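S.K.: Residues per chain are reported as follows:
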Amino acid sequence: MYRDYKKDGIVPRATTKRNKSMKKTILSFAAAAAVMSFGTMAAEAATKACFVYVGPIGDFGWSYQHHQGLEHMKKELGDQVETAYLESVPEGADAERAIERFARSGCNIIFTTSFGYMDPTNKVAGKFPDVKFEHATGYKREHPNVATYNSKFHEGRYIQGVIAAKMSKAGVAGYIASFPIPEVVMGINAFVLGAQSVNPDFKVKVVWANTWFDPGKEADAAKALIDQGVDIITQHTDSTAPMQVATERGIKAFGQASDMIKFGPTTQLTSIVDDWGPYYVERVKAVVDGTWKQQDVWGGMKEGHVVMAPFANMPDDVKKLAEETAAKIKSGEFNPFTGPITKQDGTEWLKAGEVAENGVLLGLNFYVKGVDDKLPQ
Amino acid sequence: MFEDILITIATAATPLLIASVGEVVVERSGVLNLGVEGMMVMGAVTGFGVALTTGSPWLGVLAAIIVGALFSLLFGFLTLTLVTNQVATGLALTLLGLGLSGMLGESFVGLPGIKMDYIHIPFLSELPFVGKLLFGQDPLFYVSLLLTAGVAYFLFRTRAGLTLRSIGDNHTSAHALGIKVIAIRYLAVMFGGACAGLAGAYLSLVYTPQWIENMTAGRGWIALALVVFASWRPWRVLAGAYLFGAVSIGQLHAQALGIGVPSQLLSSLPYLATIVVLVLISRNRRLTMVNTPASLGRPFVPDR
Numbered sequence: 006m007y008r009d010y011k012k013d014g015i016v017p018r019a020t021t022k023r024n025k026s027m028k029k030t031i032l033s034f035a036a037a038a039a040v041m042s043f044g045t046m047a048a049e050a051a052t053k054a055c056f057v058y059v060g061p062i063g064d065f066g067w068s069y070q071h072h073q074g075l076e077h078m079k080k081e082l083g084d085q086v087e088t089a090y091l092e093s094v095p096e097g098a099d100a101e102r103a104i105e106r107f108a109r110s111g112c113n114i115i116f117t118t119s120f121g122y123m124d125p126t127n128k129v130a131g132k133f134p135d136v137k138f139e140h141a142t143g144y145k146r147e148h149p150n151v152a153t154y155n156s157k158f159h160e161g162r163y164i165q166g167v168i169a170a171k172m173s174k175a176g177v178a179g180y181i182a183s184f185p186i187p188e189v190v191m192g193i194n195a196f197v198l199g200a201q202s203v204n205p206d207f208k209v210k211v212v213w214a215n216t217w218f219d220p221g222k223e224a225d226a227a228k229a230l231i232d233q234g235v236d237i238i239t240q241h242t243d244s245t246a247p248m249q250v251a252t253e254r255g256i257k258a259f260g261q262a263s264d265m266i267k268f269g270p271t272t273q274l275t276s277i278v279d280d281w282g283p284y285y286v287e288r289v290k291a292v293v294d295g296t297w298k299q300q301d302v303w304g305g306m307k308e309g310h311v312v313m314a315p316f317a318n319m320p321d322d323v324k325k326l327a328e329e330t331a332a333k334i335k336s337g338e339f340n341p342f343t344g345p346i347t348k349q350d351g352t353e354w355l356k357a358g359e360v361a362e363n364g365v366l367l368g369l370n371f372y373v374k375g376v377d378d379k380l381p382q
Numbered sequence: 007m008f009e010d011i012l013i014t015i016a017t018a019a020t021p022l023l024i025a026s027v028g029e030v031v032v033e034r035s036g037v038l039n040l041g042v043e044g045m046m047v048m049g050a051v052t053g054f055g056v057a058l059t060t061g062s063p064w065l066g067v068l069a070a071i072i073v074g075a076l077f078s079l080l081f082g083f084l085t086l087t088l089v090t091n092q093v094a095t096g097l098a099l100t101l102l103g104l105g106l107s108g109m110l111g112e113s114f115v116g117l118p119g120i121k122m123d124y125i126h127i128p129f130l131s132e133l134p135f136v137g138k139l140l141f142g143q144d145p146l147f148y149v150s151l152l153l154t155a156g157v158a159y160f161l162f163r164t165r166a167g168l169t170l171r172s173i174g175d176n177h178t179s180a181h182a183l184g185i186k187v188i189a190i191r192y193l194a195v196m197f198g199g200a201c202a203g204l205a206g207a208y209l210s211l212v213y214t215p216q217w218i219e220n221m222t223a224g225r226g227w228i229a230l231a232l233v234v235f236a237s238w239r240p241w242r243v244l245a246g247a248y249l250f251g252a253v254s255i256g257q258l259h260a261q262a263l264g265i266g267v268p269s270q271l272l273s274s275l276p277y278l279a280t281i282v283v284l285v286l287i288s289r290n291r292r293l294t295m296v297n298t299p300a301s302l303g304r305p306f307v308p309d310r
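Chains as they are written, first to last, in my numbering: chain L, 6 to 382; chain Y, 7 to 310.
Hints were generated in silico from the structure; no laboratory data involved. Some clues are possibly wrong.
[Claimed, not checked] Distance condition first, Cα-Cα at most 20 Å in a straight line; then the derived DMTMM-like pairs of lysine to aspartate or glutamate:
1) L:Lys374 / L:Asp232
2) L:Lys145 / L:Glu101
3) L:Lys379 / L:Asp206
4) L:Lys348 / L:Glu338
5) Y:Lys138 / L:Asp232
6) Y:Lys121 / L:Glu253
7) Y:Lys138 / L:Glu253
8) L:Lys80 / L:Asp280
9) L:Lys128 / L:Asp84
10) L:Lys80 / L:Glu287
11) L:Lys267 / Y:Glu112
12) L:Lys145 / L:Glu362
[Stated by the list, open to error] Label pairs and their calculated CB-CB ranges:
13) L:Lys128 / Y:Val136: 55 to 65 Å
14) Y:Val282 / L:Lys267: 34 to 44 Å
15) Y:Leu278 / L:Gly176: 34 to 44 Å
16) Y:Asp10 / L:Lys298: 48 to 58 Å
17) L:Pro270 / Y:Leu106: 46 to 56 Å
None of these values were measured; they are calculated from a predicted model. Glycine included, C-beta positions come from ideal geometry on N, C-alpha and C.
Next up, chain L with everything else stripped away, as it sits in the complex (with noise of 0.2 Å):
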């Protein structure tokens, strides 16, 4: 669920309110060239796989990760694959364009990588029999051809706040959020509990930057919470800022997306790396082969998709809890969110040893106890 957000296009990737009209022209403009332009036509024998992105693939951040798992795929198959990809497509009605487009021109397969694509991916499977489509952190399958895929990025959260919880002199982390979507809450959630299993009075600040990428807004939220006293950054937004100002300002912060140690070589604690190339390898595989069914897969560390970046900058009895920690959780032996759990407002969620039920998980909508913040509802 990660990006619940955009439903049709409220708030594009890479855009932020204030010029909301007028981007969301502009953007509608720029689909319509995207459509035009896109690269290589199928060849006779080989599989074609399609990707359709949200963002530029020079982000950094969701769609460079996403490009990447192509870029693996297309070595890992080599001549039984053809690729094509269009990035920045605005969710909604361009979205749908583009991906009837890439069914017409003949792709086997169709990914289409952002939440907002879910109603469009549908639509045009229900044209395309024959084309298998596999949407990102949805839930819609209403066609036999459409599988969905996401990735429990909450374990890597958790790993995440037991190092903070161990490293933070003041006892206080900072948390750039971007949207207000169970994805997101999550993520704040299993970090605070990570943190809470090593301090109990761990704290943390929440700001919500309304945004999935402004580097110059992440900075700045960055240094409002260091003014305010956290010694830990960590972000869900998608920019590498943050990390260039908790360097700037001397203090730790966690990457997002990808690996960042070159923005933060003596800052950078660990980073989530979501790693789709080889679930990408998998899928295109199975078309090839024939055996591609319909499937809902949420995969964590278990089965790869979720990678902790090199453990770094921190003492080694740090860093064996945190790989003790990540080994657990890569096990399937510890689930982050196992109770007793406390809500923010004091009830209680979990019972002793009771494991969060995934349909909760993916509605979520309530902090646990220990979040400095009041969540946006």
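Following the hints, complete the assembly by docking chain Y onto the known chain L.
M.R.: Chain Y only, in chain L's frame:
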């Protein structure tokens, strides 16, 4: 901490100020260039790339200014010589800039950039409360203030400024008086482009020293709005840019303090503040009329 907040506000306001002041000159000459975002992002990628390859942020700034001006020349050629629609051409310039910069900057993605050094004057920079704010900021901060003062002086205290404004108010009359309307508009457009380029370089060399596609994230549009907000007067642009910066930084601090106001409301505060001030300003219709360039956006074809 208070001083740190003020510095953060100045950093947020400076790129808006630079781009807006440039656009004031363009619009005062009667041309509406909506391509600020595109020119800005071109400046950002050029500044980053040149600084990275040469190792000198100043060369990066220079290159960004030149590229911004050249890029705006394209707009000038289309709208002034070929007399295309200014609104459509400006939008096209933004689209082109966003796309082209993404292509040019592809190899820069994920590379840490070079940050421009901050000024440090012994003793003065160490004064309590105002030392760093007044004497210890990035050089472009001072450039932005000088630029505002320079443009204000040029527009309202020099003969050339008067000529430029006369073209913006009535290009037909100006032409009849023998003023070279098209030539002066070309210069104004290029000045605006240079400023937008500089503002872009500020983003990729000072604000967040890195290159990411689309990193302007809509700042060009805010700069455009500020021009109207300031009723085409440079010092009011400065006030507007700082007001906008103050409210957007203030709301982040309010959130970090956890004061329990919904963050969506806080996030919209800068825009609400802008609207309120706009309403207050436009209540005085006569003043607005006096300041608005009457020929703004209207095509000019000399009859002979």
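S.K.: If a hint holds in the structure, say so; if it does not, say that too.
M.R.: Structure-based check of each hint:
no., hint, verdict
1, L:Lys374 / L:Asp232, "violated, 24 Å"
2, L:Lys145 / L:Glu101, "holds, 15 Å"
3, L:Lys379 / L:Asp206, "holds, 18 Å"
4, L:Lys348 / L:Glu338, "violated, 24 Å"
5, Y:Lys138 / L:Asp232, "holds, 15 Å"
6, Y:Lys121 / L:Glu253, "holds, 10 Å"
7, Y:Lys138 / L:Glu253, "holds, 16 Å"
8, L:Lys80 / L:Asp280, "holds, 15 Å"
9, L:Lys128 / L:Asp84, "violated, 31 Å"
10, L:Lys80 / L:Glu287, "holds, 13 Å"
11, L:Lys267 / Y:Glu112, "holds, 17 Å"
12, L:Lys145 / L:Glu362, "holds, 19 Å"
13, L:Lys128 / Y:Val136: 55 to 65 Å, "holds, 60 Å"
14, Y:Val282 / L:Lys267: 34 to 44 Å, "holds, 43 Å"
15, Y:Leu278 / L:Gly176: 34 to 44 Å, "holds, 35 Å"
16, Y:Asp10 / L:Lys298: 48 to 58 Å, "holds, 56 Å"
17, L:Pro270 / Y:Leu106: 46 to 56 Å, "violated, 31 Å"
Hint check: violations occur at hints 1, 4, 9, 17; the rest are consistent with the structure.
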